[in-house]
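S.K.: Let chain B serve as the given structure and place chain X on it in line with the hints.
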Amino acid sequence: MKKYLLGIALCFATVGAWANEAKLPKIELPTSPEALQRGAETVATVCLSCHNLKYIKYSDLSGLGFSKEKLGALSVGHGLDDSLMSPMSAEATKQAFGITPPDLSMMAKARVGGPHYVYAFVTGFYTNDKGKTDNHVFPGAKMPDVLGAASAKGEERTAIEYKAKEVAAFLEWAGDPKAQERRGLGRYVIAYLIVLTILLYLVKLRTWARLKEHHKRKHT
Amino acid sequence: MINRIIGWVDQRFPITAIIKHEATEYPVAPNLNYWWNFGSLAGVVLVLQIVTGIFLAMHYKADVTLAFDSIQHIMRSVNYGWLIRYIHATGASAFFAVIYIHISRTLYYGSYRGPRELLWWTGLLLLLLVMGAAFMGYLLPWGQMSFWGAQVITNLFGAIPLVGGHIVVLLRGDFSVGDPTLTRFFALHYLIPFIIAGAVVIHLVALHTVKSSNPSGLPIADKDNIPFHPYYTSKDLFGVGVFLIIFCSFVFFVPDAFIEPDNNIPANPMQTPPHIVPEWYFLPFYAILRSIPDKLLGVVGMGLGIVILAALPYLDRSKIPGGSRYRPIFKALFFVFIADAFVLGYVGAHPPEGPMVLIGRIATVIYFGYIVSMPFVSKWEESWLRKRGLPAPVQKYLDEQAAGGTK
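Residue numbers (numbering that gives the first Met the number 0), protein chains in the order written: chain B, 0 to 219; chain X, 0 to 406.
Extracted from the complex, chain X is given alone in its bound form:
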């Protein structure tokens, strides 16, 4: 019976072929470690956010006089409203934690390198979209931090020459953040996740075209690949279990960990909070913004902080394949970069006074220094490694490449 139904569908839609191509016969390197779990985890969190978000939207009221109250209505009167809201609020942080780890893995193992450029770019696009969704979502509870965060960030666009003022008004729907801002942010906050879902499909099509990289530093021969299902489905599901334990520990026991106390005060346009701090996942970029003394350059620097990463496939000019496995300098600099991102985050969380200013500036220079120096460092590292003598597998790979190139 089942087979007949599947047969009927197959004649009209290639369901079996798709499952074969994308899962049961989709070839994956056999040696992926647990750092490769975070891509599928990001997908899980996306689904979690969309589902809880839809339920929240059933009770939320996008109106400046009602928004704050409607959140408390959800928390107190809606059946399991507190659960849905806490999952959604914690989910935002989880999303960034997962994505940042996913991106760090990409940097560490050099997964962004050719032929995975498009995969890398769609990934960065996804990061930007998630940031947009998070930023707009943060306005919706209409607390003090929601309001002032939106006020400060939309204000940044005013630094753009000529059209800046118009863009600010367009974003806010008014001259300052108010009801029109709230309603349009709500509309866009509901829209963006579906754009994200579409971009995820593109990301996955690109992935399934070029296949996953792997931690060995060398490409894996086709014959050694294993099918995604059941090997990586079982491994990913175990990862989801571990993730959910950590995630639910936050949701059920410290759900306020990621909610600023100030955001439990209704927005008051007449009263600026003493410190306006963005959510933790924006802090490194916020620190870059504040570390550059010129407002326009600061905004540009903040944007470049992400956009410039797109150039990495071309900035990394080493012929040594892969990422950190066979490249000690690359590896060391990776850790410098990650540590630097944490320093920037710390600086972003504190008022720009005393040593914070200098630390922020140094960390900003290191952040961009890592990226800009990549072409020189990677070339220099390569020649240094060649002088020392390459490990046999790398030498063999390079010889094969050279032979293939002259054929």
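Next comes chain B alone, as it looks inside the complex:
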């Protein structure tokens, strides 16, 4: 039995270890609804001027606990059933930056490191020797330093880092809005399966206890 479990665990563990080889610093993502709401606000007011979040509708944001008024303020000029789309068209952004910025709704799932990558990227801007802005995790990135990470020092820097954490946490939510529901349901499913499996084990024990009888019957 132990060997059996170990075998499976080993199989999965090795695979898991290969899958994630990112060397990004792990940050602690805020989890409070308020932090996620602030992250959503930053994304809607800053990032959305260039990026889309096409899989997220304004109405989906109510899942973060936004009040009606706040949601109304956030979605001025849009219907609640509209997706979060940039006012700039793909062509316009391409003209401006030489590339259409990628959609952000799956961003936290589309990079190794997920939200940690997003955080490292938006705070990773710096001024290089030639006086140009570059990025530590994505050298040559065509995105401007929108949060002003390159020039910020001290308290200002801390504020930006906190903002970036909120943004990363929000984008993680946006990548998989059902994650919380999933984990909640998962607890019940696993608990149920454990009870069921214990019962099945007892059934198995009782059944096999009859084996001796079975042999006796057969040989007499």
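Bear in mind the hints are in silico, worked out from the structure with no lab data behind them.
Do not rely on the hints blindly, as some may be mistaken.
[Claimed, not checked] BS3-like cross-link-like pairs, simulated, lysine-lysine; straight-line CA separation at most 27 Å: (1) X:Lys19 <-> X:Lys222; (2) B:Lys129 <-> B:Lys141; (3) B:Lys141 <-> B:Lys25; (4) B:Lys211 <-> X:Lys222; (5) X:Lys210 <-> B:Lys215; (6) X:Lys378 <-> X:Lys294; (7) X:Lys19 <-> B:Lys215; (8) X:Lys19 <-> B:Lys211; (9) X:Lys210 <-> B:Lys211; (10) X:Lys60 <-> B:Lys53; (11) B:Lys53 <-> B:Lys141; (12) X:Lys60 <-> B:Lys56; (13) B:Lys215 <-> X:Lys395; (14) B:Lys152 <-> B:Lys141; (15) B:Lys215 <-> X:Lys222; (16) X:Lys60 <-> B:Lys108; (17) B:Lys177 <-> X:Lys60.
M.R.: Okay, now just chain X, sitting in the frame of chain B:
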């Protein structure tokens, strides 16, 4: 009432006789350990994949402009769509984990040996079918890895002399992977599981003809067998419970463990990802492919990696019955082979640079060396064991065989 219905059916269809023959009176060795659970587990996963797959197909759109979006639609808007999709995606990996363990058990206990050759071959056929289904299914989300994986693998067929180019076009339905590829892969991905189900029936008929092998290394006398039901139904069900706990832990808590980040980016034929890696279950074979410097030979080597296993019943020439129980060399080499498969998997996951190239080549030689050297090693091991003196039960078995043979 029930009895009358069953009686009515029995006169027209042998339902009671089938249940008796395949379950309540089907004789099984009493000493099967938990490694024997994985066959029935594979059946459970197959059902899980077919059921979730059918529900996914109700919402999926096989069209290059819609496929990626339709997956996100399933994940976000369809009721419990995320659950169905995560079960299906995790199920693919679970399928291979279960099958690979099932095959390893077959190798370790020598279950492939006569009279179970056909059982072994239908099993290998099932592995190939599952691989085909998995490969085609992986294209459907139309992410970057889907696209480039299909591009690279279909391209391999181009190495076949003369007809290679035609085969590639036939597979893709076009000169490169595109909408015709997606639609035909979807059609075949829906078809193959039912072929698999049919092949499973053949696999089981073969099994019920030759019966399960057992871990003792010696055949079990008929009188010692026990009926499949209730003994192994209860044991298998317990195994299913343990499996589901592990499986659901992945589905509910780390469902992205087997989804490459790159596959969450929509396919872009203009942009090649830096590393194109197949799913983990193809990695050892991918490593074999890349370890052989010639493209055609690489493709042949990759295919042989599985096909050559079919010869094992004939390559294993030892007269000592069973697998590892009474054969220490066989046992040691089994573990070398398994370790080697993991090394190949590791190599397959990494770019072919630096030491990976050499390690991959050595591991490829060991992989085939295990199989090709089997006739000599098994014979040599037998004579070595005979010189040392065989354990009494084995000697007795061999004497009986010899006596039976001269009668």
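S.K.: Now tell me, hint by hint, if it's right for this structure.
M.R.: These are the hints, each one checked on the structure:
1. X:Lys19 <-> X:Lys222: Judged against 27 Å, a Cα distance of about 17 Å means the pair holds.
2. B:Lys129 <-> B:Lys141: At roughly 17 Å apart (the allowed maximum being 27 Å), Lys141 of chain B and Lys129 of chain B satisfy the hint.
3. B:Lys141 <-> B:Lys25: Distance ~25 Å between Lys141 of chain B and Lys25 of chain B Cα, so the pair holds.
4. B:Lys211 <-> X:Lys222: 14 Å, holds
5. X:Lys210 <-> B:Lys215: This hinted pair holds, its Cα atoms lying about 23 Å apart.
6. X:Lys378 <-> X:Lys294: Given pair Lys378 of chain X, Lys294 of chain X is violated - Cα atoms ~35 Å apart, limit 27 Å.
7. X:Lys19 <-> B:Lys215: 21 Å, holds
8. X:Lys19 <-> B:Lys211: 21 Å, holds
9. X:Lys210 <-> B:Lys211: It holds: about 22 Å lies between the C-alpha atoms, which stays within 27 Å.
10. X:Lys60 <-> B:Lys53: Distance of about 18 Å is within 27 Å: holds.
11. B:Lys53 <-> B:Lys141: 21 Å, holds
12. X:Lys60 <-> B:Lys56: 21 Å, holds
13. B:Lys215 <-> X:Lys395: Since the Cα atoms of Lys215 of chain B and Lys395 of chain X sit roughly 26 Å apart, the hinted pair holds (cutoff 27 Å).
14. B:Lys152 <-> B:Lys141: 23 Å, holds
15. B:Lys215 <-> X:Lys222: 12 Å, holds
16. X:Lys60 <-> B:Lys108: Holds. Lys60 of chain X to Lys108 of chain B sits at ~22 Å (cutoff 27 Å).
17. B:Lys177 <-> X:Lys60: Cα-Cα ~22 Å, so holds.
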